[in-house]
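Trainee: Since the structure of chain H is already known, use the hints to place chain F on it.
In order, the protein sequences belong to chains H and F.
Numbering that gives the first Met the number 0 numbers the first residue of the first sequence as 0 and each following residue consecutively.
Numbering that gives the first Met the number 0 numbers the first residue of the second sequence as 0 and each following residue consecutively.
In short, the hints are calculated from the structure, not lab data.
There could be a bad hint or two in this list.
As the list claims (entries may be wrong) - Listed below are the simulated SDA-like cross-link pairs for lysine to any residue, each with C-alpha atoms no more than 25 Å apart in a straight line:
(1) F:Lys11 x F:Thr259
(2) F:Lys192 x F:Glu147
(3) F:Lys30 x H:Pro41
(4) F:Lys32 x H:Glu109
(5) F:Lys11 x F:Ile184
(6) H:Lys3 x F:Gly209
(7) F:Lys72 x F:Leu60
(8) F:Lys192 x F:Lys32
(9) F:Lys192 x H:Pro41
(10) F:Lys30 x H:Met42
(11) F:Lys192 x H:Glu18
(12) H:Lys3 x F:Ile204
(13) F:Lys32 x H:Ala15
(14) F:Lys7 x F:Gly252
(15) F:Lys32 x H:Lys3
(16) F:Lys192 x F:Glu98
(17) F:Lys120 x F:Ala154
(18) H:Lys3 x F:Asn94
(19) F:Lys32 x H:Glu13
(20) F:Lys120 x F:Leu205
(21) F:Lys192 x F:Met179
(22) H:Lys3 x F:Ser202
(23) F:Lys192 x H:Tyr17
(24) F:Lys30 x H:Ala15
(25) H:Lys3 x F:Gly252
(26) F:Lys120 x F:Gly86
(27) F:Lys32 x F:Asn94
Stated by the list, open to error - Partial chain F-side listing against chain H, Cβ under 10 Å, derived:
(28) Ala40
(29) Pro43
(30) Ala45
(31) Glu46
(32) Phe64
(33) Arg68
(34) Leu73
(35) Arg75
(36) Pro146
(37) Ser206
(38) Val211
(39) Leu212
(40) Pro218
Glycine included, each C-beta is placed from N, C-alpha and C at the ideal position.
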Amino acid sequence: MSEKTLRVRVVSAEEAVYEGDAASVVAPAWDGRVGILPGHAPMIALLGHGELAIDGPDGGSETFYVAAGVIKVEGNEVTVLTEYAGSGPPAEIPAAAILSPEDVEELAAEGQSG
Amino acid sequence: MAGGRDVKRRIKSVENTRKITRTMELVATSKLKRATDRVRAARPYAEALEEIVRSLYAPELSERFPLLRRPEKLRRAAVVLFTANRGLAGGFNANLIREARNLLERLRSEGVETRLDLIGKKGIAYFRFRGEEIASARTDIGDNPTPEDAESVIAPLRDAFAGGEVDAVYLVSSEFRSAMSTPPIVRELFPIKPETESAGPVSYILSPSGDVLLDRLLPAYVRNAVYRALVENAAGEQGSRRTAMKNATDNAGDMLERLTRSYNRARQAQITQEIAEIVGGAAALE
Numbered sequence: 000m001s002e003k004t005l006r007v008r009v010v011s012a013e014e015a016v017y018e019g020d021a022a023s024v025v026a027p028a029w030d031g032r033v034g035i036l037p038g039h040a041p042m043i044a045l046l047g048h049g050e051l052a053i054d055g056p057d058g059g060s061e062t063f064y065v066a067a068g069v070i071k072v073e074g075n076e077v078t079v080l081t082e083y084a085g086s087g088p089p090a091e092i093p094a095a096a097i098l099s100p101e102d103v104e105e106l107a108a109e110g111q112s113g
Numbered sequence: 000m001a002g003g004r005d006v007k008r009r010i011k012s013v014e015n016t017r018k019i020t021r022t023m024e025l026v027a028t029s030k031l032k033r034a035t036d037r038v039r040a041a042r043p044y045a046e047a048l049e050e051i052v053r054s055l056y057a058p059e060l061s062e063r064f065p066l067l068r069r070p071e072k073l074r075r076a077a078v079v080l081f082t083a084n085r086g087l088a089g090g091f092n093a094n095l096i097r098e099a100r101n102l103l104e105r106l107r108s109e110g111v112e113t114r115l116d117l118i119g120k121k122g123i124a125y126f127r128f129r130g131e132e133i134a135s136a137r138t139d140i141g142d143n144p145t146p147e148d149a150e151s152v153i154a155p156l157r158d159a160f161a162g163g164e165v166d167a168v169y170l171v172s173s174e175f176r177s178a179m180s181t182p183p184i185v186r187e188l189f190p191i192k193p194e195t196e197s198a199g200p201v202s203y204i205l206s207p208s209g210d211v212l213l214d215r216l217l218p219a220y221v222r223n224a225v226y227r228a229l230v231e232n233a234a235g236e237q238g239s240r241r242t243a244m245k246n247a248t249d250n251a252g253d254m255l256e257r258l259t260r261s262y263n264r265a266r267q268a269q270i271t272q273e274i275a276e277i278v279g280g281a282a283a284l285e
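Isolated chain F, as found in the complex:
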């Protein structure tokens, strides 16, 4: 019974695959838990820092602070793409890469020169394959990014913007809305545009001067935006992977059910045939 044995082999192989996807789902679930905690924990700092920068910010400061400069014309822009180091996360990486490609195409069609900074193996592999010029590529940021990681990612770009080498910096990363919803978004990191409140400004005692304060806090503000992108991306990756692996596990279950049924049918058919043969043989002897 060749058919039956083949089906049996497929059942074994699907079972093994399901074991793997289920384990990956469990791993992603536990990592997701930690990652969402980090996203949540990072929020108060981001909000408070934004509030402080906003209360110090005034549009006319742009002349004195290189980090606040407002280029008249967009000549050269940096695109920073955050992807995961690992695949098997559904459309997570593909969506991010598509978003980055759209942004690059849009910028180029407007005659803007672009530079590409990549974080995560998946984005690097894609753009390297396409033969794009890559300004920097990093794969050393793991599942638990730290503010120091963010600092090391953004420091060169911050200097490039302040020095006038680039006129804009875009971050392409995923926004962590929930474990199920992690859409890719583009954030404009530079030029900095804090929303200014028109409501009566409070006059603060500033120590040291407002200039020194801004000078110190702007880099932290920028770094924090990148840190946020990193933690949200890490959480998004785990969320997408969990969903993808859950679907894979469920599909394997469905497939097993169908295969088992066809295996049973094949076995039963063989038994029935054997009985028919025996009965036929016995009848022939009479």
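For reference, chain H alone in the conformation it holds in the complex:
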């Protein structure tokens, strides 16, 4: 029996952006959006650029725009590390971005050819 909520943390290098419980999370992984429900298998994935939606356990939801980073899921704990998190797209992509939008395309192309 797994618990019915996820424990979600969103952190950027400079601050902890969000911390709380959630019923589900939809994250912009590098190769498309990925939905996470309680009981998800352990996972580490790179994030692309896009909206991160966190649905609270009692309805209500939070959305952030995240730009590059990594998501880790383990035992109902979801950790999102990102270079940028805000209400809208960043004015400019941080120089230190783990994955820039061009990188995402490159990776996707590699994935198709390989």
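Mentor: For chain F alone, kept in the frame of chain H given last:
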């Protein structure tokens, strides 16, 4: 009464100094508040990133990743010294410089070539004066360092390590334990040694492959270590300055008390003498 006037002048000057040190103390206190917040805010990211890198890391990966390479012999090492751009922070800069000098001496005595990268005016001024060769010097990082600053500091060294130009990179910075305790420490940034847990590894779904993940995350991991050094150093600087300026303000207070006392004594002595003279003069007329 020459003595009295001299003391009066000194009192004025100590008062002015105290005004300055008190203001600096207040400024440092407010900056320290912000700086400690940043140190605290940076912690969750560092912990989470470390955790992820640790779960991806395996010693045998060192052959495939230049950033994970493990040099057999230490031939050339880079020392990155973080100091403040400004002084008047007690022993803060001096301690850091001493730590860096000890490290350099130790490395050199072991026959290791060194390169010196300096951040902060104080370290630069010292080593330039000593005639050391400086590989890079930066003074443009202010009180609020950003991850981008960290990236620009470390990018050349990361490449140098990956390319085999240096076999180790040491960071000399202050560890921010509390506002009162900011001892200098040496962190070994390269070669990377994440502590591997022996406890049963969880098998993760990796997307994309583990190799690509590590390839992307290692630079971020390194950058973050430098970012941490930067924010902790910024906080340490303010903490040391606040302590130093508080001591200076207190000392000025003590000094004022003593000076005021000796001024009063001198004044009283003069009055007493004048009265004695008047009384003496009056007695002589009778």
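Trainee: Each of the hints needs a verdict: does it hold here or not?
Mentor: For each hint, the structure was consulted:
Only pairs whose Cα atoms come within 25 Å are accepted, and Lys11 of chain F paired with Thr259 of chain F is accepted, the gap being roughly 10 Å. For the given pair, Lys192 of chain F sits about 24 Å from Glu147 of chain F by alpha-carbon distance, which is consistent with the 25 Å threshold. With a C-alpha separation of about 41 Å, the suggested pairing of Lys30 of chain F with Pro41 of chain H is violated against the 25 Å cut-off. At most 25 Å may separate the alpha-carbon atoms for a hinted pair to count; Lys32 of chain F and Glu109 of chain H exceed this at roughly 47 Å.
Annotation: proposed proximity of Lys11 of chain F to Ile184 of chain F is violated, straight-line Cα distance about 41 Å (limit 25 Å). Of the supplied pair hints, the one linking Lys3 of chain H and Gly209 of chain F is violated, its CA atoms being roughly 29 Å apart against a limit of 25 Å. A threshold of 25 Å between alpha carbons decides the hint, and for Lys72 of chain F with Leu60 of chain F the separation of about 19 Å falls inside it, so the pair holds. For the suggested pair Lys192 of chain F and Lys32 of chain F, the alpha carbons sit about 33 Å apart, so the restraint of at most 25 Å is broken.
The straight-line distance between the Cα atoms of Lys192 of chain F and Pro41 of chain H is roughly 24 Å, inside the 25 Å bound, and the hint therefore holds. Our distance criterion of 25 Å between C-alpha atoms is broken by Lys30 of chain F and Met42 of chain H, whose separation comes to about 40 Å. A C-alpha spacing of about 29 Å is found between Lys192 of chain F and Glu18 of chain H, which places the hinted pair above 25 Å, so the restraint is violated. Under the criterion of a C-alpha separation no larger than 25 Å, the hint pairing Lys3 of chain H with Ile204 of chain F is consistent with the structure, at around 21 Å.
At roughly 17 Å between alpha-carbon atoms, Lys32 of chain F and Ala15 of chain H fall within 25 Å of each other, so this suggested pair holds. Of the supplied pair hints, the one linking Lys7 of chain F and Gly252 of chain F holds, its CA atoms being roughly 15 Å apart against a limit of 25 Å. Proposed proximity of Lys32 of chain F and Lys3 of chain H is contradicted: the alpha carbons are some 39 Å apart, above 25 Å. For the proposed pair Lys192 of chain F and Glu98 of chain F, the alpha carbon gap of about 22 Å is at most 25 Å, so the pair holds.
About 21 Å separates the Cα atoms of Lys120 of chain F and Ala154 of chain F, which keeps this hinted pair within 25 Å; it holds. This hinted pair does not check out: Lys3 of chain H and Asn94 of chain F have alpha carbons roughly 52 Å apart, beyond 25 Å. With a C-alpha separation of about 15 Å, the suggested pairing of Lys32 of chain F with Glu13 of chain H holds against the 25 Å cut-off. About 44 Å separates the Cα atoms of Lys120 of chain F and Leu205 of chain F, which puts this hinted pair outside 25 Å; it is violated.
At roughly 30 Å between alpha-carbon atoms, Lys192 of chain F and Met179 of chain F are farther apart than 25 Å, so this suggested pair is violated. This hinted pair checks out: Lys3 of chain H and Ser202 of chain F have alpha carbons roughly 22 Å apart, not beyond 25 Å. Of the supplied pair hints, the one linking Lys192 of chain F and Tyr17 of chain H is violated, its CA atoms being roughly 30 Å apart against a limit of 25 Å. Distance check on the hinted pair: Lys30 of chain F and Ala15 of chain H sit about 20 Å apart at the alpha-carbon level, within 25 Å; holds.
This hinted pair does not check out: Lys3 of chain H and Gly252 of chain F have alpha carbons roughly 63 Å apart, beyond 25 Å. Using a Cα cut-off of 25 Å, the hinted pair Lys120 of chain F and Gly86 of chain F holds, with the two alpha carbons roughly 9 Å apart. Of the supplied pair hints, the one linking Lys32 of chain F and Asn94 of chain F holds, its CA atoms being roughly 23 Å apart against a limit of 25 Å. Among the interface hints, the one on Ala40 of chain F holds; its C-beta lies about 4 Å from the nearest C-beta in chain H, closer than the 10 Å criterion.
Satisfaction of the interface hint for Pro43 of chain F is found here, the shortest Cβ-Cβ separation to chain H being roughly 4 Å, below the 10 Å cut-off. A least Cβ separation of about 8 Å between Ala45 of chain F and chain H falls short of the 10 Å threshold, and the interface hint therefore holds. For Glu46 of chain F, the shortest C-beta to C-beta distance to chain H is roughly 9 Å, which falls under 10 Å, so the interface hint holds. For Phe64 of chain F, the shortest C-beta to C-beta distance to chain H is roughly 15 Å, which exceeds 10 Å, and the interface hint is violated.
Evaluation of the Arg68 of chain F hint against chain H yields a violated restraint, the C-beta minimum of about 21 Å exceeding 10 Å. The beta carbon of Leu73 of chain F is not positioned within 10 Å of any beta carbon in chain H (closest approach about 28 Å), and the interface hint is therefore violated. Here the hint on Arg75 of chain F is broken, as its CB sits about 26 Å from the closest CB of chain H, past 10 Å. Because the closest C-beta pair between Pro146 of chain F and chain H is about 4 Å apart, less than 10 Å, the hint holds.
Look at Ser206 of chain F: its Cβ gets to within about 4 Å of chain H, closer than 10 Å, so that hint holds up. About 7 Å separates the beta-carbon of Val211 of chain F from the nearest beta-carbon of chain H, less than 10 Å, and the hint is met. Checking Leu212 of chain F against chain H by beta carbon gives a least distance of about 6 Å; that is within 10 Å, so the hint holds. Nearest Cβ of chain H to the Cβ of Pro218 of chain F: about 8 Å, under the 10 Å cut. The hint holds.
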